[in-house]
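Protein chains in written order, with our numbering: chain A, 1 to 311; chain B, 1 to 311; chain C, 1 to 266; chain D, 1 to 266.
Mixed in with the good hints there might be a few duds.
[Stated by the list, open to error] The list that follows gives simulated cross-link-like pairs (lysine to aspartate or glutamate, DMTMM-like), each with its CA atoms no further than 25 Å apart:
hint, chain 1, residue 1, chain 2, residue 2
1, B, 300, A, 209
2, A, 3, C, 232
3, A, 144, D, 176
[What the hints assert, rightly or not] Which bits of chain B does chain A cover? Going by a derived footprint, with three or more residues having C-beta under 8 Å, they are:
hint, segment
4, 19-31
5, 44-50
6, 121-130
7, 201-214
Hints are computed from structural coordinates only; laboratory data are not their basis.
Even glycine gets a Cβ: it sits at the ideal position worked out from N, Cα and C.
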Amino acid sequence: MSKIMTTQEAITRFVNDGDFLFIGGYICRPPFAAIHEIIRQKKKDLTVVRSNTADDFDMLIGAGCVKRFICTFISLGLYGLARCFRRSIEKGIPHKIEIEEYTNLSLPLMLMAGALGMPFVPVKDMVGTDLMKIKSFMGDNKYKFIDSPFDGSPVMLVPALNPDVAIIHVQQADEEGNAQMWGIGGDCKWGANAAKKVIVSCERIVSREVVGKDPSRTIVPGFKVVAVTEEPFGAHPGYTPGFYDVDFSFGYLYQQASNTVEGFQAFLDEWVFGVKNRTEYINHYIQKFGYEQFKKLWAKFDYSYPVSYAY
Amino acid sequence: MSKIMTTQEAITRFVNDGDFLFIGGYICRPPFAAIHEIIRQKKKDLTVVRSNTADDFDMLIGAGCVKRFICTFISLGLYGLARCFRRSIEKGIPHKIEIEEYTNLSLPLMLMAGALGMPFVPVKDMVGTDLMKIKSFMGDNKYKFIDSPFDGSPVMLVPALNPDVAIIHVQQADEEGNAQMWGIGGDCKWGANAAKKVIVSCERIVSREVVGKDPSRTIVPGFKVVAVTEEPFGAHPGYTPGFYDVDFSFGYLYQQASNTVEGFQAFLDEWVFGVKNRTEYINHYIQKFGYEQFKKLWAKFDYSYPVSYAY
Amino acid sequence: MSEHPNDYIKPELMACCGAREIQDGDIVIVGTGFPTMAANIARYTHAPNAKLMQESGVYDARPLRPALSVGDPCLNPGAAMIGGLVDVMGMFLQGGWIDVGFLAGSQVDKYGNINTTVIGDYNAPKSRLPGSGGANPIGSLAKKVLIISLHDTRHMAEKVDFITTPGYIDGPGSREKWGLPANTGPSVIITNKAVLRFDKTTKVAYLESYHPDTSVDEVVKLTPWKLEVSDDVHETEPPRAEELKALREILDPFRMIKIYEKRGYV
Amino acid sequence: MSEHPNDYIKPELMACCGAREIQDGDIVIVGTGFPTMAANIARYTHAPNAKLMQESGVYDARPLRPALSVGDPCLNPGAAMIGGLVDVMGMFLQGGWIDVGFLAGSQVDKYGNINTTVIGDYNAPKSRLPGSGGANPIGSLAKKVLIISLHDTRHMAEKVDFITTPGYIDGPGSREKWGLPANTGPSVIITNKAVLRFDKTTKVAYLESYHPDTSVDEVVKLTPWKLEVSDDVHETEPPRAEELKALREILDPFRMIKIYEKRGYV
Chain A
1 MSKIMTTQEA
11 ITRFVNDGDF
21 LFIGGYICRP
31 PFAAIHEIIR
41 QKKKDLTVVR
51 SNTADDFDML
61 IGAGCVKRFI
71 CTFISLGLYG
81 LARCFRRSIE
91 KGIPHKIEIE
101 EYTNLSLPLM
111 LMAGALGMPF
121 VPVKDMVGTD
131 LMKIKSFMGD
141 NKYKFIDSPF
151 DGSPVMLVPA
161 LNPDVAIIHV
171 QQADEEGNAQ
181 MWGIGGDCKW
191 GANAAKKVIV
201 SCERIVSREV
211 VGKDPSRTIV
221 PGFKVVAVTE
231 EPFGAHPGYT
241 PGFYDVDFSF
251 GYLYQQASNT
261 VEGFQAFLDE
271 WVFGVKNRTE
281 YINHYIQKFG
291 YEQFKKLWAK
301 FDYSYPVSYA
311 Y
Chain B
1 MSKIMTTQEA
11 ITRFVNDGDF
21 LFIGGYICRP
31 PFAAIHEIIR
41 QKKKDLTVVR
51 SNTADDFDML
61 IGAGCVKRFI
71 CTFISLGLYG
81 LARCFRRSIE
91 KGIPHKIEIE
101 EYTNLSLPLM
111 LMAGALGMPF
121 VPVKDMVGTD
131 LMKIKSFMGD
141 NKYKFIDSPF
151 DGSPVMLVPA
161 LNPDVAIIHV
171 QQADEEGNAQ
181 MWGIGGDCKW
191 GANAAKKVIV
201 SCERIVSREV
211 VGKDPSRTIV
221 PGFKVVAVTE
231 EPFGAHPGYT
241 PGFYDVDFSF
251 GYLYQQASNT
261 VEGFQAFLDE
271 WVFGVKNRTE
281 YINHYIQKFG
291 YEQFKKLWAK
301 FDYSYPVSYA
311 Y
Chain C
1 MSEHPNDYIK
11 PELMACCGAR
21 EIQDGDIVIV
31 GTGFPTMAAN
41 IARYTHAPNA
51 KLMQESGVYD
61 ARPLRPALSV
71 GDPCLNPGAA
81 MIGGLVDVMG
91 MFLQGGWIDV
101 GFLAGSQVDK
111 YGNINTTVIG
121 DYNAPKSRLP
131 GSGGANPIGS
141 LAKKVLIISL
151 HDTRHMAEKV
161 DFITTPGYID
171 GPGSREKWGL
181 PANTGPSVII
191 TNKAVLRFDK
201 TTKVAYLESY
211 HPDTSVDEVV
221 KLTPWKLEVS
231 DDVHETEPPR
241 AEELKALREI
251 LDPFRMIKIY
261 EKRGYV
Chain D
1 MSEHPNDYIK
11 PELMACCGAR
21 EIQDGDIVIV
31 GTGFPTMAAN
41 IARYTHAPNA
51 KLMQESGVYD
61 ARPLRPALSV
71 GDPCLNPGAA
81 MIGGLVDVMG
91 MFLQGGWIDV
101 GFLAGSQVDK
111 YGNINTTVIG
121 DYNAPKSRLP
131 GSGGANPIGS
141 LAKKVLIISL
151 HDTRHMAEKV
161 DFITTPGYID
171 GPGSREKWGL
181 PANTGPSVII
191 TNKAVLRFDK
201 TTKVAYLESY
211 HPDTSVDEVV
221 KLTPWKLEVS
231 DDVHETEPPR
241 AEELKALREI
251 LDPFRMIKIY
261 EKRGYV
């Protein structure tokens, strides 16, 4: 049963205003095609979550799609602080988002707990710091501090997270949604599997037979997936291992643009609202910067050794 | 820094009487070369753990190496109940082992908790059954039943396990111990990473460069590994995906032998004590059953597609 | 109307009874033998989108021979996903995604509790069995549990010697009391004589249908608890032609299923 | 005696100070910039068996260019293992395997607490910073934490505005009270002026050595808490020839480290 559809259809059908979204990636495999479509469709009041975020989440915040953000970290890396995020928190532009802060240990484990059907999970970090003192929309359920029933020692418990929808970008998937990924994983596998529905964006759709040649690469089974979208260069300006490099100059472009509200709007008008889909986006990129610059992003050829699962 | 050594040396140096051992596999990749060596060296008072066990654990129990067994299941599959295990429990031959029983959900999660540095982990199974009533050497720490501090609902917590040594068999590893595996995983990754020391047995030692061509296949990092042993056909009569099939007729041979104490002893005398190492074992196999039968075990050729991690 | 060839054996009928419990799109966790055959009959007939998995870590395998264990080599090549126990038992089962689980045991009782641990006293056993393995979590967490059993007073009991896997435990309210997820629990007991379901109120298994060569009276007599009989009790529908065709031509060409006749499934 | 060329810049000295804290065989979790350079200088000099990892999921990468983030593409090809955050932050860090972690922040205080969350009031911030990321768990759980800081009264504080990452929190006994693992915590603060260590009793950072172009007095004056001075205070050993060679010829041929001069590390 094929779940292949356009990103436009996937976002229209499966992302609702007010939903709780996990969006995978971090420089590696951010699902930018889907993120742009969420902005194009002016989705709002979203709660968004991921450990370590960058321009992708900054853009969603600047575009006014986000109400709440369960976060650990947001920055433009090399280019410093996240501008839209700062404007939201410091000046309420376009509005002040609510944030609930965890860490790159506790948050991935909360997603893991969600994926594994656990109500909560013990973590060893956060204790003794101001991260314990601040509580936002999760209130007293941000964490609980108990004495271990085993040995009486103090233990922090953090709750499982189960997003409504996960959106991830991977190298390849089949039409049922069996999603295969390699390289830096972040919290992608657990976040996707914690969600009630998964939208899989991929560089290439492959046959079920190709998936079956190397089933240990699958991180999400088809039965959890509601939509499969084929979006080559779908993670640009982030990268996808084996497909293309980070586009540092585009990252600089975004940082420069997002320095001001006007610049950010102009960026959206050009790169999000000014195009209908990823194909037009890439076409615009090539028109503007030239095919040579586009071609420079392509990954070099350096293949692994095949393995066998036969008996 | 190479950690390559013989299985004999690895077991001599890193497995002590009284140790708590995780032994990976289950029909797929049981580390039989190491198991035979443990028996040859007459290690004793071991506590052993794995979810789902078969002839491998039965043999260790029959040989008198095991004092305690944290278990979920033991059987000879197709060939019915595990004979040595039954004799131990029902008749105290060679002695009655102590067993602490969990399930194929709770036990893997206890190993996962051990690997992740968690003190305990909540599980949803076991409740309401006689598995809750029986407690052996773990006593009241077999589990704890609490009211969730989040919503008051009843939650069972089971403790993390951290074995002294893990022994696993994988397809390939480099000299530092970076261990790569594909196909059915069981609780191998979590069990190995929960242990304080890991002994990696592998079908083939490969260069660090080969490992680096496909780093997402690595399940244990070299820094946890104390010994790397190259043991082709090291999982026989179990199988290794891509290398060789299960040896059903040998499984039958073991079952027939282990039906009686005398038969079991004769089996050990022939296949464990009668050979010095895995090379002699395979040589004996070929002598006894012929090269043609040996050759039939070899896996067919059916390779996956290579992938690239380049940028 | 389906055709019903009459050359079937009892294990084939039982596999078909299992198949009919599976709906299209169901996510099914299977062991070996009956469960795999039943689930695959469903896939090849009315439930083409049902998906199977094995607790060892395999999802949607494409085995070229019948798997003889959940760790069988034939489950590896061609599967859609292979992880480990934490993936299947944790992420999929405890995560709440499994629609159907199959279980069998050395003893099953009127509440659908199953014993795979010990016959006799736990500390001085008459016979020590393999233990829970994946059975307890499947019985605890799958939305629908199908139990396969031999129908006699050795394999069925008023009360099992040891509850390895929870059915309705002590009866109404027990699963809820222990915090097991809502809408889970045993759905049916398929034996070599009959199909039993569980009364919504009492949670005790009652007779829904008796197999063609037996009768209500015989089944009642073979059952060690006071077996209630459904108002619309009827003969079990025999295997349909298309079910047998899937089983014999695609799934089990060597008719390994006959081994169950030797084990008493007649 | 090592040679000490005198053409080094301050960030190079600081990277060498970091390198000297790493012992052979140490498992080191690094971010980008200083930490990677320091750890790699160690690997190419006295600690060839030290191993590096990044929180994003990478162990023992072999990057062909300096990584610009923990998710940089150059960390993928050639690594010994790639998993995800749960593998590195959970299995390796919370699992208790990390010997050394590096941290930097917008503010660091006398107890080695670090702020990467907010300048000013949390609810009405003067400047909102990126947040914890991996910093809090590294500061909580690594056996030895090396802190990198600019040495002035803006970046160092008697008390940080917000404790993102625990040093010794409120002083002696605090880490123990909160249940943080024994024998963890900050070990050193390496600044552009000096090397500070933590007093075993008071847990307050004191002056161990001042860099060649400064003095005890200057460092004391630049430090916003009453800086105790070690009895054997001395000048920091300048970069050794072999350290600079590793840095300049192998690790950073384009001398990207100079960017730190622009950021005030002079």
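Violated hints - listed by number, lowest first: Hints 2, 4 and 5 contradicted; others consistent.
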